[in-house]
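These protein sequences, in sequence, are chains A and B.
Just so it is clear: in the first sequence, position 21 is 21 by the working numbering, and no numbers are missing.
Just so it is clear: in the second sequence, position 27 is 27 by the working numbering, and no numbers are missing.
Wrong hints could be hidden among the right ones.
Taking CB as the label site, the calculated pair distances span [claimed, not checked]:
hint	chain 1	residue 1	chain 2	residue 2	range
1	A	Ile74	B	Asn77	40 to 50 Å
2	B	Pro39	A	Thr56	26 to 36 Å
3	B	Gln54	A	Pro110	44 to 54 Å
4	A	Ser41	B	Phe95	41 to 51 Å
5	A	Lys109	B	Asn77	29 to 39 Å
6	A	Thr5	B	Pro39	37 to 47 Å
For the record, the hints were derived by calculation from the structure and aren't laboratory data.
Heads up, the beta-carbon is just placed ideally off N, CA and C, and yes, glycines get one too.
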Amino acid sequence: DAKTTQPPSMDCAEGRAANLPCNHSTISGNEYVYWYRQIHSQGPQYIIHGLKNNETNEMASLIITEDRKSSTLILPHATLRDTAVYYCIVRDGNFNKFYFGSGTKLNVKP
Amino acid sequence: KAGVTQTPRYLIKTRGQQVTLSCSPISGHRSVSWYQQTPGQGLQFLFEYFSETQRNKGNFPGRFSGRQFSNSRSEMNVSTLELGDSALYLCASSFNTGNTEAFFGQGTRLTVV
Numbered sequence: 001d002a003k004t005t006q007p008p009s010m011d012c013a014e015g016r017a018a019n020l021p022c023n024h025s026t027i028s029g030n031e032y033v034y035w036y037r038q039i040h041s042q043g044p045q046y047i048i049h050g051l052k053n054n055e056t057n058e059m060a061s062l063i064i065t066e067d068r069k070s071s072t073l074i075l076p077h078a079t080l081r082d083t084a085v086y087y088c089i090v091r092d093g094n095f096n097k098f099y100f101g102s103g104t105k106l107n108v109k110p
Numbered sequence: 001k002a003g004v005t006q007t008p009r010y011l012i013k014t015r016g017q018q019v020t021l022s023c024s025p026i027s028g029h030r031s032v033s034w035y036q037q038t039p040g041q042g043l044q045f046l047f048e049y050f051s052e053t054q055r056n057k058g059n060f061p062g063r064f065s066g067r068q069f070s071n072s073r074s075e076m077n078v079s080t081l082e083l084g085d086s087a088l089y090l091c092a093s094s095f096n097t098g099n100t101e102a103f104f105g106q107g108t109r110l111t112v113v
């Protein structure tokens, strides 16, 4: 399984866009990029996923580079409730297993 | 639509005992995966069941086992508990593989004393 690299922590001002980067340089053709977040040891919450096209839903946007070696999760207007650990995961489309890395601790500040 | 339900939420056991945790997936979901989360190792994949068959297994000792019933509900069992088994155990429910999302339950917090 491809591994991911994320910065350990990031700060963002409330109301501003939060851009969380992820490097997955060894990703292969049938592997999807997933993003989850976890707040206070609750169960991880699904945010968004994609294969090669950019994706947007009510929570966030996912931008995947053309070579698929990196991606960026964008929270358009961060709120204090978005403070969490964000995990970027590369998942083989044939299997239901996620390999979580260390994630990025996003701190949204007033 | 009800989410993923894990029971119990909290559990305290003594070293050497065994424990069984339960996970009820979202209605219609046939895949259930289990994860262990500890401060030192983070979130680690244990195993995945689909239609009552184990499809994938992580790198855990044989003391960790699981099963899935015909209604897709799943249980995991840990025998001969060790202090290091103290963790948050999470299950995730998914319709199938491929281009689908997995939804996690709130977890069972196991403390071994």
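Verification of the hints:
1. At about 41 Å, the CB distance of isoleucine 74(A) to asparagine 77(B) agrees with the hint of 40 to 50 Å.
2. The hint said 26 to 36 Å for the Cβ distance between proline 39(B) and threonine 56(A), and at roughly 34 Å that hint holds.
3. The hinted range of 44 to 54 Å is satisfied by glutamine 54(B) and proline 110(A), whose Cβ atoms lie roughly 47 Å apart.
4. Restraint check, serine 41(A) to phenylalanine 95(B): a C-beta distance of roughly 26 Å breaks the suggested window 41 to 51 Å.
5. Between lysine 109(A) and asparagine 77(B) the C-beta distance comes to about 44 Å, which lies outside the given range of 29 to 39 Å.
6. At about 21 Å, the CB distance of threonine 5(A) to proline 39(B) disagrees with the hint of 37 to 47 Å.
Checked against the numbered hints given earlier, this structure breaks hints 4, 5 and 6; the rest are met.
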